[in-house]
Structures are given as structure tokens and as C-alpha cells.
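2 protein chains.
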Amino acid sequence: MGVRVPLGTPKFINIKKDDFMQEKFMQEALKEAKKAYEKMEVPVGCVIVKDNKIIARAHNLKETKFDTTKHAEILAIQKASKKLKSWRLLNCEMYITLEPCSMCAGAIINSRIKKVYIGALDEKTGAAGSVLNLFEDYCFNHKVEIEKNVLKNECEEILKNFFKELRVIKSKK
Amino acid sequence: MGVRVPLGTPKFINIKKDDFMQEKFMQEALKEAKKAYEKMEVPVGCVIVKDNKIIARAHNLKETKFDTTKHAEILAIQKASKKLKSWRLLNCEMYITLEPCSMCAGAIINSRIKKVYIGALDEKTGAAGSVLNLFEDYCFNHKVEIEKNVLKNECEEILKNFFKELRVIKSKK
Chain L
1 MGVRVPLGTP KFINIKKDDF MQEKFMQEAL KEAKKAYEKM EVPVGCVIVK
51 DNKIIARAHN LKETKFDTTK HAEILAIQKA SKKLKSWRLL NCEMYITLEP
101 CSMCAGAIIN SRIKKVYIGA LDEKTGAAGS VLNLFEDYCF NHKVEIEKNV
151 LKNECEEILK NFFKELRVIK SKK
Chain H
1 MGVRVPLGTP KFINIKKDDF MQEKFMQEAL KEAKKAYEKM EVPVGCVIVK
51 DNKIIARAHN LKETKFDTTK HAEILAIQKA SKKLKSWRLL NCEMYITLEP
101 CSMCAGAIIN SRIKKVYIGA LDEKTGAAGS VLNLFEDYCF NHKVEIEKNV
151 LKNECEEILK NFFKELRVIK SKK
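Those protein sequence lines, which keep their order, are chains L and H. The opening position of the first sequence corresponds to residue 1 in the numbering used here, with each subsequent residue numbered one higher. The opening position of the second sequence corresponds to residue 1 in the numbering used here, with each subsequent residue numbered one higher.
Pulled out of the complex, with its shape left as it was, chain L reads as follows (with noise of 0.2 Å):
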């Protein structure tokens, strides 16, 4: 997207350079939903970025693991609060391929995460508007910001081809 930013436009070029980072995390995000993929998990991925660098990333583990607090999000906050040694990730974003649901939506607010990119939306348990949004419509000690839409055909993508693999797979059973 670079390539096309008219010279001579400054805030233009800002804008392009974020959407330009957005993207490039969310693609590392997805290489965290593919490895889901791989393990046959629903193909969820998620990185933690401080200061522009990645500092956690986590795909889906909840069938290998058998255990639903293994989601993408709860494991980088996880690996994350480890690294800064602090529960708070003060200035940290977090980009996720899919919707958070409301417990990882609310482990989001309660590690003081600053941002939160989102790929593809989830109409079923999603607390980031689609079923709820908890960063927006309660009064909790911290807001998050959020921005959706990131990468979001290839997030959608990646879950489509999932559950359609899956079909097939149960079908032939």
C-alpha cells in the first residue's frame, strides 16, 4: 500500500504507515491462527505489540489442551504479564483475527490493554459488538479503544475454509 501514498501529502503518508503497521501485525496474527489450523484448533491468532514490537503471540491451544481458557487471548496476556513481569500491559495493543468473547474481552480490560485490532467479527459470542461490547457500553476503571475490520477478509478466510474442512471431515464419519 506504500507504493500508491502521494509524495508531498504528510498526513496522508501517516495514515497509510499505520494502516501499513495494522496490517503487518494482524499478518503475524495470522500465522498464529494458521498454526490452530494445523492442530485442527478453530483457527484463532492473537500477538501482543509494545513500543511497535511483538512481545506475545498466541494461537487457540482449547481441544489440544482440553481446557476453554486456552483461547489466543488469555495465553498472550498470559505470556505477555510474564514478560513485563506486571498483570498491567500498560501501552500494549493486542491484534486478534477473531471477535474476543466476553472472558477474553474482559481480560483485555482488566490488563489495562490500550487497543485492541480485530479481524473478522464473531455474531455468535463476540463482546465487541456483536453480541455485547464490553469496551464501549459499562462503566469499568479502564476503556479500551478498538478498531475493526483489520485484514478482514483474510481473518474471515482462514475460519471459513476451517469449518468447511470440518464438515467434510465429520461427513465421512
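Treat the hints as calculated values from the structure; they're not laboratory data. Not one of these hints is a red herring.
So, partial list: chain H residues that the calculated Cβ filter (under 7 Å) puts toward chain L:
1) Thr69
2) Gln78
3) Ser81
4) Lys85
5) Ser86
6) Ser102
7) Met103
8) Gly106
9) Val131
10) Tyr138
One-sided and incomplete, this derived list gives chain L residues near chain H with beta-carbon spacing under 8 Å:
11) Lys62
12) Thr68
13) Thr69
14) Ser81
15) Lys85
16) Ser86
17) Trp87
18) Cys101
19) Met103
20) Ala105
21) Gly106
22) Ile109
23) Val131
24) Leu134
25) Phe140
On a predicted model such as this, the values are computed, not experimentally measured, just so you know. The C-beta atom is built at its ideal place from N, Cα and C for all residues, glycine as well.
Take the given structure of chain L and dock chain H to it, following the hints.
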């Protein structure tokens, strides 16, 4: 309470027996809360019960482990999942000394826990009716039953004592 049950009123006896069991398990959750207090953690404790037996117990370890996901409920769900070798905690009941936050209420729904017994309420972050009601106000694919005010006074008292002591410690610094 069992002592005061009149004989010859079977229905009444059953109700009192249920009360007795609820209080017995909440006492166990309170024991966990006391362990948290001894570590100067916000005293919240939790047990998970299946077939009238405790299969997991945990207390808040957020500060000790510098990790906001280390709430009593999350830790207990992880232990129960390990024990049952399944993320589905079917026919399990949870006793918590304090109303769960959104993260924990979300985890309870995700883990398919049948019923939650709550001691004290949490006006600031409670997601079982105080700030919002994740258990009753949304159409998720699993419905959790709730019962509040089990040993409410005892559960409130330990929290009040903790925060009182914390204020004294902070005022001396």
C-alpha cells in the same frame, strides 16, 4: 442449620439439606479466600463441585503471579478441566465468594458449568447482575443458573477486613 429442621416435614428437610450443602461448599470457598488473604491478595476463593464432591479449588493469585488471568475462577476451571480431561465441565457447580467479573463469567459460560453460587456482590465489576448480567441477559449457547447471597455476610466480611487492613498499611507508608 440442620439442628433446627422440624421432623415430619420432608419437603422442609430437603430445602434445609440443600442450604446446608450450599453453605458447606461456600465455607470451602471461604477457606480458599483466606489463603489469598494470607498472601495479601484480594481474598476471593472458589471451589468446583461435581456429584457432591469438590473436584477443584483455587484462590486469587493475581498479584503473586503478576497475571490478571489468575483469578480464582479461572484457576479452578483449569484444574477441573485437567481432572476431567475435558473443557466441558458438564454437571459441575461453582461456589465463589465474590460475584465474577466479565472475564470469569465468560469462562464459566464457555466451560458449560451448570450453576454458580455467589457470596458477596461486586458493584464495580460484577457480571452476574451488578454491572451487567452475562448469565441471564444474552443468548449464548449455554445458560448458567445462578444463586446469590450464599454466606453473604461472611464473604463480605473477609473483603471488608482485607481492604481495611490494606488502607492501614498504605497510610503507614
